Structures are given as structure tokens and as C-alpha cells.
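Participant: If you want the building blocks of each chain, they are given just below.
There are 2 protein chains.
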Amino acid sequence: MASQFKVTPWEVSGTVDYGKLIKQFGTEPITEQLLNRIKKRTKEIHFMLRRKIFFSHRDFNWLLDEYEKGNKFFLYTGRAPSGPIHIGHLVPWVFTKWLQDKFGVELLFQIPDEEKFFFKDNLTLEETEKWAHENILDIIALGFDPKKTKFLIDTKDASQMYKTACQIAKKITFSTVKAAFGFSDSNNLGEIWYTTMQATPAVLPSVQKGKNIPCLIPLGVDQDPHFRVARDVYTKLGFYKPAIIHAKFMSGLLADGKMSASIPNSTIYTTDTPKEVEEKIKKHAFSGGRSSLAEHRKYGGNPDIDVCYQWLHAFFEPDDKKLAKIYNNYKSGKLLTSELKDYTIEKINKFLKEHQKAREKARKQIGKFLFKA
Amino acid sequence: MASQFKVTPWEVSGTVDYGKLIKQFGTEPITEQLLNRIKKRTKEIHFMLRRKIFFSHRDFNWLLDEYEKGNKFFLYTGRAPSGPIHIGHLVPWVFTKWLQDKFGVELLFQIPDEEKFFFKDNLTLEETEKWAHENILDIIALGFDPKKTKFLIDTKDASQMYKTACQIAKKITFSTVKAAFGFSDSNNLGEIWYTTMQATPAVLPSVQKGKNIPCLIPLGVDQDPHFRVARDVYTKLGFYKPAIIHAKFMSGLLADGKMSASIPNSTIYTTDTPKEVEEKIKKHAFSGGRSSLAEHRKYGGNPDIDVCYQWLHAFFEPDDKKLAKIYNNYKSGKLLTSELKDYTIEKINKFLKEHQKAREKARKQIGKFLFKA
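These protein sequences, in sequence, are chains R and S. So for the first sequence, our numbering puts the first residue at 248; every next one is plus one. So for the second sequence, our numbering puts the first residue at 248; every next one is plus one.
Don't read these hints as lab results, they were simulated from the structure. Keep in mind that a hint or two might mislead.
Identical copies carry no separate label here, and so any pair may be met within one copy or between two of them.
[As the list claims (entries may be wrong)] Straight line, CA to CA, 25 Å or less: simulated BS3-like cross-link-like pairs of lysine-lysine:
hint	residue 1	residue 2
1	Lys403	Lys611
2	Lys505	Lys290
3	Lys615	Lys403
4	Lys527	Lys483
5	Lys418	Lys456
6	Lys545	Lys611
7	Lys363	Lys418
8	Lys287	Lys529
9	Lys367	Lys425
Just so you know, these numbers come straight off a predicted model, no measurement behind them.
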């Protein structure tokens, strides 16, 4: 039996086979050749690239061609607010910040505060508005350049977006979104419309400046279908297709698939206290260790299924040498599960301490990141 | 064989049976009792009401109940720009202006400059923008109170509207618009979404002022389906359902159904010269006269099918006595078709002379009628 998995913007289930997903979605794997090409421009390679946390792309080579011709791109990513931010959310954003720093480019950060409202029965726009504010604090806390970063909040900045969204909407039929997203006649008009709003920021600077500007979208791979739908539309409207770079999902503590803000025991929120982090990891982090200390020492653990190791790999241990040592020591049984957990707890809490400080400071910085009303 | 007709926001065909339409749409006929009730407030009755050019309504009695309790309503109507204004377009607006004057109320005038763009393959947003400007001149020329009238231009004022449109969109499924508008899977996302934008202004002042404000929508009856779809949604969202008053269509010169801006020979545009008006009426106005002068004198003409008479009835001869005289004299054969045409030409040209003067003045007044960007 083939393992089944499903990846859509609104549902990720099963064990995702990223190799298969590349074929399914028709994207390109990130090759060593591409990494070398990037490195020429950035001098170093972010560990998320090196470790294939960003594993796939569309048109990244074209983007670099343009860049090398002096045709600078801008970055576009987003966050649909409906709850608190967890560390899994941060993966594409930390990388986006790195891209901004290395290439010195502008970033358009969409906050589609209507999306989850359309898709969740009981969610109100008052709640998404509240979460938009909270989530923006987390994003600012990552250190984006306020001179080069703007939040595009759909319900507030609709006047900037609506005309372009209309252009896109005219070129997409219900048949197309039915096929791409599995919609039926019982979907609401907001759900059906929404993809146009997500497609819009990729060409908004081109519209506003009256010339084509290349766009790079770092995103979780579940968001790719929106841009697959819009891809041909961009061309028909005379715009460049955006380049895209796709991130894998960060696993939940319970190793229950993509980390979800709605499963607290499986999730580390950015506002968790050191105590909460410690308790969650100790209690819930799915371990690759053996059932007894003696067995662990004798046969070793399995880092490949251990959530703490996965998190160090994806986010909290950028140092390849240290990571390799942890891998080998855990595999050999030298490093115990409790020690691996302690190390991870320390790493997470160190990160969160800084993050939470920056998050508080962000309250006073928001204005700089918003479009004037 | 029953005569077939079709009335949707995007197609009016066949000979419309307005009595049947009232049953089909589930609206109420305008009764003498209702006219008397209106007259109590307005002192006089507009001839378009008296003559049942406005023939049908929804919840007008409720609106007057509220008004009499001191709960003032606002007016909402609109114009989807895609071409020049003809005299048929003016019918609901002239009446809306009368309502504004008599009740001293605010008017929200929507310019959904994306609607026709969604529905017409070759129409661009640049063209609808141009027509929006031209059409607004015609509307201002009718004399609306600049202190009490605002244009809501969808692509410019989307930030005001989008959040409320989202609230409405969540409550309408594709099934519903399929049934109401005859949509299929091949409709584009803009067409499917659009009804939410037309539904929005009816509750926008309520949203913005944080309390329920009654709304009265004077419109051509072909626009009713949008509000039929939205009716239950308003209630679900805690708003009043708007009251609606429905106008009949003004016939084209060729008596070929609803006047259409795309059939020049059948249409008098507001920018036509006296000469053009004269030529069109003389050449094309469908006549109820006999085939020879002798026969006309002997048997009389038929004012009920004569376009000139219909236009005097619907728009250009507010004086009931004069109109009755014309009716009787034409019917008896005393009034010839050429005389009826001359009279109508004179009436139209007198109206257009004033209108065109006001239309030029309007160029300098536009700013007063727009929301600040």
C-alpha cells in the first residue's frame, strides 16, 4: 500500500513524501548547483537551504538571471491570522529575513485576515483582526528592516489590492479552483474568491511602479497551489511569474505531522514560558530513544524520528558540526534522550527569550511597517 | 404560447410582464394605499410613482414605519460603468433625487467599476474607469445634494467595503448564486464574487456608524436578484434588510425592449446634440401611428405602443393633464405622429440642454462627492 498524504492550503495530512510532492506539484528540487549559484551572491548558504528545509522551487534560476542583470526582485510572503504563532510558522520567515539581508531587497508581507475567516465556521473578523496584530508582533520581532518591509493587511489595504485582484479573478474560472482546491458548490463566495487576494501581492509592486519587478515567494509548500492556479494568469496579464521557494513542514511535538496552533500539547508557541517549554518537551516530545537506559546505551537511539533532533536540524542548531555530533552521539547511544531534550529546551528557551524581548519592542514599531491608511 | 421573458442583472429579453415579475421575484405591487402613505410625508407624489414606472417594492411600509418613529433611512443606488449614459438610465436616479429632496436623506451612490469588466470579455478596467468618470458627471448633473451624496467607487474605495463584503461572502454559497444568476463552473471568480460587492453598500453606513440604519434602494428591477440573494444574509449578520423600490425599463426607440447603450439607433445618450435627437426620433422612433395620414385621421393612432408617447409618460411629460390630452388626441387621430415626434423632440432637447450645462459644471464639483483617498 502506498502511503497517502494530502497537501492543500487548508489541509496537510499523512506523512508527506517531499520527493513525490515535487512531482505532484511540478516544481524543481533544490540542487547543489543552485545552492552554489546562490552562494555566489550571498557568500554563505543558510542552513535551511543546506539542509533542504527549503527543498523545492519554481524559477529560482530565472530570478538569479534577472538579479545578475541588475533587475532586483522583491520578497513576498504572508501569514493568515487565526491564532497564535508557533515555532513552525517562523521557519519561512527566518529564511525570508536572511534573504532580505543578503540581497538587500524589499519585502511585502501579506496579512490575509479574511482567509481563515472564510474557511472556519466559528472564526470572526474581530478575532482575525486581534490575531493579525499579535502575529505582526512576532514577525517584526524577527528583525525585518522597517525601511524595506511593509505589511499588506487585506481588510485594511483592500484599496491597494482590489483592482489587481479583479484582473486576476477575471482569468480564473470556478472549474479551475474546483480542481486545484477540491471545492464544490457548497463552498462560500469568500473561499472561492480568496485565491485572487493571495495571488495579488506577487505583482502589486509591478502594478504600482508601472514596470515588471521580479518576485520571490518563500512559503510553506502547502501554499503552492494558489500560485499554481495564478501562474498562467500572471503571464496573460503581462507580468512575470513569481519565483517560489518551498519549505517543508516542521513536525509537531507528538510527531503528528505539520505543527498546528490548535494542538497545544504538540506545539511551542512564541509566547510560551521557559517552564512551559520544558514541560511540553519533557512530557510530549516524541523520542527516538530506546525504552530503557540500558538498551539506549547498547543499541543507540534514532535521531531521524526524534522530534527534538528534527527541531535542532530545522531551526535551533545552525552549527553543522554540533548537529552532526548530536546525531552521531544519539545514534550510538552516548547521548541520552533526556540529555537531547535538555539541550533542545535550552536552545528553544534561549531563542524565545530574545524573541519575546523583541516582540515587546515591536509594539512600538508597528507603525513603521504599515501602509498609511 | 405564453410570452417568454427573462430579467437578470446581465440580461433583459422578451416582453417583460411586470405583473408576472412581481410574482416571480416575490415582491409587492405599489398600491394606492402605499402612495397615500408616502404622500403624507412628501406632500406630493412623483409622477413616476403615480404612473407606476416604479411599480413594485420590498418592505417600503416597514421603511415608513421606521421613518415615522424617527429612524431615518439612507438611499442607495448605483451605476456599473461600461459605456455612455442614456435617458433610460436616468429614470431611477431622477426619482432617487426626488426622494433625497423630499425626505432630506443621505445617498450612497455605488460605482461598481469592476462589474461589467468581469462580465464583458473585451472590456478593460481602464475603460470602466474612464466611463466611471463620465457617468459620474451625468449623475451629479441631476442635482444631488453634495453634502448628502457620496460616490462609492469599488476599485478606489475597496478598503471601506471589503471587510463587509467578506462578511456577506461567507454566508453565500456557489449553489445560491448558481440558482439566482444561472452561473456555471465556467464563470470567473470575479463574476461569482461580485454580488457581495453590490450587497455591501446597503449596510455600510450601519457598519460604519455601529448602529442599524434603514436603507432604501431605488433600482431597475433587473438588479433585484442581487438583493434577493443577500436578503437572508443581512438578517443573519444582524442588519436590517433594505427596502427596495423597483423601476420598469424604458423602451428603446426601436421598441426593442430595455434601452441599451450598445444600440445607438435605439438610444438617446445624454450627450446627444439637438440634431442627433431629432434625427433619431424622426428616423427610428417606433410609432403607433397609421400607415397614411388619412387613415390616422380616420382611425387614430395607438399611444400604448408608441415609443414617443411611452417616453413622455415615463420621463418627459410630468404634467398629467397634458399627457392625457396627448393620449386622447393621438388615439382619436387629431394628433399626428409627426406632431407627437416634434413635441417629444422638443421636450427631450429642452431637458438635454439643461442637463448638458449641468454636466459641464459637474466637472468642477466631482471632488465634493468623493470619499477622500
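Participant: Look at each hint and say if it fits the structure.
Facilitator: A quick look at each hint next to the structure:
For the identical chains of this complex, Lys403 and Lys611 are intra-copy neighbours only, at 19 Å inside a copy versus 30 Å across copies, given an alpha-carbon limit of 25 Å. Taking the shortest alpha-carbon separations for Lys505 and Lys290, neither the intra-copy value of 32 Å nor the inter-copy value of 69 Å comes in at or below 25 Å. For the homomeric pair Lys615 and Lys403, the shortest alpha-carbon distances inside one copy (16 Å) and between copies (24 Å) are both at most 25 Å. Neither within a single protomer nor between protomers do Lys527 and Lys483 lie at most 25 Å apart by alpha-carbon distance, with minima of 50 Å and 41 Å respectively.
In this assembly of identical chains, the alpha carbons of Lys418 and Lys456 lie at most 25 Å apart only when taken from the same copy (22 Å versus 36 Å across copies). For a Cα distance limit of 25 Å, the shortest separation of Lys545 from Lys611 qualifies neither inside one copy, at 54 Å, nor across copies, at 89 Å. Proximity of Lys363 and Lys418 under a CA criterion of 25 Å is satisfied in both settings, with 24 Å inside one chain copy and 14 Å between copies. Proximity of Lys287 to Lys529 under the C-alpha cut-off of 25 Å is found in neither arrangement, the shortest distances being 42 Å within a copy and 78 Å between copies.
In this homomeric assembly, Lys367 and Lys425 come within 25 Å of each other (Cα to Cα) both inside a single copy, at 18 Å, and across copies, at 23 Å.
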